[in-house]
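Q: Chain by chain, the residues run as shown.
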Amino acid sequence: MITAFGHGVDISWQSLLDNHTAIGAPKRISKARFEVAPVAESQLIDQRSADTSVWQLCRMLLDDPSLNNLPPGTELFLSTTVGEIELLERAVDSKSDASSSCLSNLCLKVEALLGLPQGHGTVVSAACASGSSAIALAAQRIRLGLAKSALIVACDGVSEFVLAGFNSLMALDKQGARPFDRSRQGLSLGDGAAFMVLMGSDYAQENNIPILAEVAGWGMSDDANHITGPSRDGSGLASAIKVALETSGVSAKDISFISAHGTGTLYNDAMEMQSFKKIFQEPVALYGIKGAIGHTLGAAGLIEVGIAVHALRESLIPPTVGLSEPDPEAFGWVSSQSRGVVGEYALCVNAGFGGVNAAVCLKKSIK
Amino acid sequence: MMKTDFNSVSITGMSFILKDKCCAVGRRMLFSCSDAKDACRILETQGIFKGQPKNWGRFDQVSLTTYAAALWACFDAGLPFAQEKRRVGIVGFNQQGALDSNLAFFTDYVNAGRNSARSNLFVYTLPTTPVAEVALFCGFTGPVWYMYQPLGGAGQLMEEAACVLKDDVDAMLVICADSQEALCFVMQNGKGKELFPFSLVREHLIGKTSVREILQALDMLSEGAGAM
Chain A
1 MITAFGHGVD
11 ISWQSLLDNH
21 TAIGAPKRIS
31 KARFEVAPVA
41 ESQLIDQRSA
51 DTSVWQLCRM
61 LLDDPSLNNL
71 PPGTELFLST
81 TVGEIELLER
91 AVDSKSDASS
101 SCLSNLCLKV
111 EALLGLPQGH
121 GTVVSAACAS
131 GSSAIALAAQ
141 RIRLGLAKSA
151 LIVACDGVSE
161 FVLAGFNSLM
171 ALDKQGARPF
181 DRSRQGLSLG
191 DGAAFMVLMG
201 SDYAQENNIP
211 ILAEVAGWGM
221 SDDANHITGP
231 SRDGSGLASA
241 IKVALETSGV
251 SAKDISFISA
261 HGTGTLYNDA
271 MEMQSFKKIF
281 QEPVALYGIK
291 GAIGHTLGAA
301 GLIEVGIAVH
311 ALRESLIPPT
321 VGLSEPDPEA
331 FGWVSSQSRG
341 VVGEYALCVN
351 AGFGGVNAAV
361 CLKKSIK
Chain B
1 MMKTDFNSVS
11 ITGMSFILKD
21 KCCAVGRRML
31 FSCSDAKDAC
41 RILETQGIFK
51 GQPKNWGRFD
61 QVSLTTYAAA
71 LWACFDAGLP
81 FAQEKRRVGI
91 VGFNQQGALD
101 SNLAFFTDYV
111 NAGRNSARSN
121 LFVYTLPTTP
131 VAEVALFCGF
141 TGPVWYMYQP
151 LGGAGQLMEE
161 AACVLKDDVD
171 AMLVICADSQ
181 EALCFVMQNG
191 KGKELFPFSL
201 VREHLIGKTS
211 VREILQALDM
221 LSEGAGAM
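The listed protein sequences derive, respectively, from chains A and B. So the first sequence is numbered by my numbering: it starts at 1 and just counts up by one. So the second sequence is numbered by my numbering: it starts at 1 and just counts up by one.
Think of the hints as simulated: they come from the structure by calculation, not from any bench. Idealized CB from N, CA, C, for every residue including glycine. Possibly wrong hints are sitting among the right ones.
[To be verified] Here are the simulated distance ranges between beta carbons: (1) A:Ser201 / B:Arg212: 51 to 57 Å; (2) B:Thr4 / A:Asp254: 55 to 61 Å; (3) A:Arg90 / B:Lys19: 31 to 37 Å; (4) B:Glu203 / A:Asp64: 32 to 38 Å; (5) A:Asp64 / B:Lys166: 32 to 38 Å; (6) B:Arg41 / A:Gly24: 51 to 57 Å; (7) B:Lys54 / A:Ile209: 50 to 56 Å; (8) B:Gly47 / A:Lys174: 23 to 29 Å; (9) A:Arg339 / B:Arg212: 52 to 58 Å; (10) A:Gln118 / B:Asp108: 50 to 56 Å; (11) B:Arg118 / A:Ile209: 46 to 52 Å; (12) A:Asp51 / B:Asp219: 39 to 45 Å; (13) B:Glu203 / A:Asn68: 30 to 36 Å.
Assemble the whole structure, with the sequences as input and the hints as a guide.
A: Rendered as structure tokens:
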């Protein structure tokens, strides 16, 4: 994965454990005339390059030897919300054609980069739940025997386009995102990209491929409540969690920790707590990472599942970076300290515009 | 691992909205119309459905065609909507995603001096927003997402919808929409009121990624099935 902390899971994991944040003053957004809120930009992106930020992230991310030996027939899923939206920004500024900014075009470029056959890749977009939705859809194909393996690539970057949009919604925190904090004011955007390979456990075992964790179950839902705001009572996300637990064959008490969506907006975090309280009778150890790496939109779900896999393997969860004083509703659930956890199952959730929700239940692998 | 089959999945409704006509395929109802809004008005004048989303006025073009196709398809399938919430899922697809709305949003922002943007345009810059508008208005609480796969086309997406349908939803809508035309299938479990055999339609729609291509493929199909 690539976050504003750097390239690789280890650097993000360690930075989270150290309670660091990568959110700071924006450097790439130079044309905007509004007061731009802090962001988590990747220092690996070269501003002088003709390539877009997102394409630079993809190229760095996918230059990985583990991708040289993907099982034959591996299906590609690309999770993103706006993809290479910088191409559209440039097209508007130069009054030229913007069609190269289409998500389908980015998928073709990723296929070409990986040497995969053109046109087989699938774009999945479900707002800020894109990453976890892509995991759910890919895992479903594998479980139903329709695919042997899947490569999920997720990416989105900080852009003037998205910053202007969230600014118009007054959804940005001028101090940087503080998920589940009593004084949170909004989100911070971040650069992010990640990939994940899913395959049936039989296939992995037959081919001696190490299993990092099992995608035990998943659930997706829609609030059907408001086009930008989450349902106040959390019933939509609760329904996705309920399905995820059912398809995993576990109960709420089996969950050892929760990776929350935790954007830092007033309404999202409040909604999440309502949904958790509908499912869990007692507080469960919970954290969110967007106070550290910002909201990476279509990449968020995949990055968060990646961190949760690491947490499961280490039996340790990171602090909620940016947290000073927990919101009363989150008290007893979140912490500004890392915590040891016991148990085999983790729950990762995401929610987004349009009321979309996704929940993925992970099971610790037997080493 | 056994490959799953979709024998229990049926297509129970289908609609299309074109530049000059709208149709509920199963009910063999074909009307002339001038645009997607007009197609919705026809539902009202026929006494089939009355009501509008509260944000109707700000819908982008893809949301309008998506919405009209969804309503006509639900009517065609006899699937209740805009009443109590129901666990119905929606998958939307098109080649361009939200390109037109992205351009509208960013051009407006640039023309305003890059000082401020309009949130009511920003909302439509996600390719999921049109299907989310349908979910919001119809009270559909199942999975909602956008998906596009050029080689698999509509056939592939119907397979994805069928996978979800096997799990935990009452029905799935599969919607292909651009700014002027749209088409919607309703898929449900059970064989009672099948409009088209799912497996045959899926096969015929592999690689079909636009409303016109899908309709063309189904015209060919109807010669055998006699459905249209």
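Q: Compare the structure with each hint and give your call.
A: Hints, one by one, checked against the model:
A C-beta distance of roughly 43 Å is found between Ser201 of chain A and Arg212 of chain B, which places it outside the suggested range of 51 to 57 Å. Taking the beta carbon of each, Thr4 of chain B and Asp254 of chain A are about 27 Å apart, not inside 55 to 61 Å as hinted. About 32 Å separates the C-beta atoms of Arg90 of chain A and Lys19 of chain B, a value consistent with the hinted range of 31 to 37 Å. In this structure the supplied range 32 to 38 Å holds for Glu203 of chain B paired with Asp64 of chain A, their Cβ-Cβ distance being about 36 Å.
Between Asp64 of chain A and Lys166 of chain B the Cβ separation comes to about 34 Å, which falls inside the hinted range of 32 to 38 Å. In this structure, Arg41 of chain B and Gly24 of chain A meet the distance hint of 51 to 57 Å, their C-beta atoms being roughly 52 Å apart. Here the CB-CB span from Lys54 of chain B to Ile209 of chain A is close to 51 Å, well matched to the stated 50 to 56 Å. At roughly 53 Å, the beta carbons of Gly47 of chain B and Lys174 of chain A sit outside the given window of 23 to 29 Å.
Under the hint 52 to 58 Å, the C-beta atoms of Arg339 of chain A and Arg212 of chain B, about 56 Å apart, fit the expected range. Gln118 of chain A and Asp108 of chain B have their C-beta atoms about 34 Å apart, which leaves the hinted 50 to 56 Å range violated. For Arg118 of chain B paired with Ile209 of chain A, a C-beta distance near 49 Å keeps the hint of 46 to 52 Å intact. Between Asp51 of chain A and Asp219 of chain B the Cβ separation comes to about 44 Å, which falls inside the hinted range of 39 to 45 Å.
Judged by the Cβ atoms, the range 30 to 36 Å given for Glu203 of chain B and Asn68 of chain A holds: they are separated by roughly 34 Å.
Going through the hint list in order, the structure does not satisfy hints 1, 2, 8, 10.
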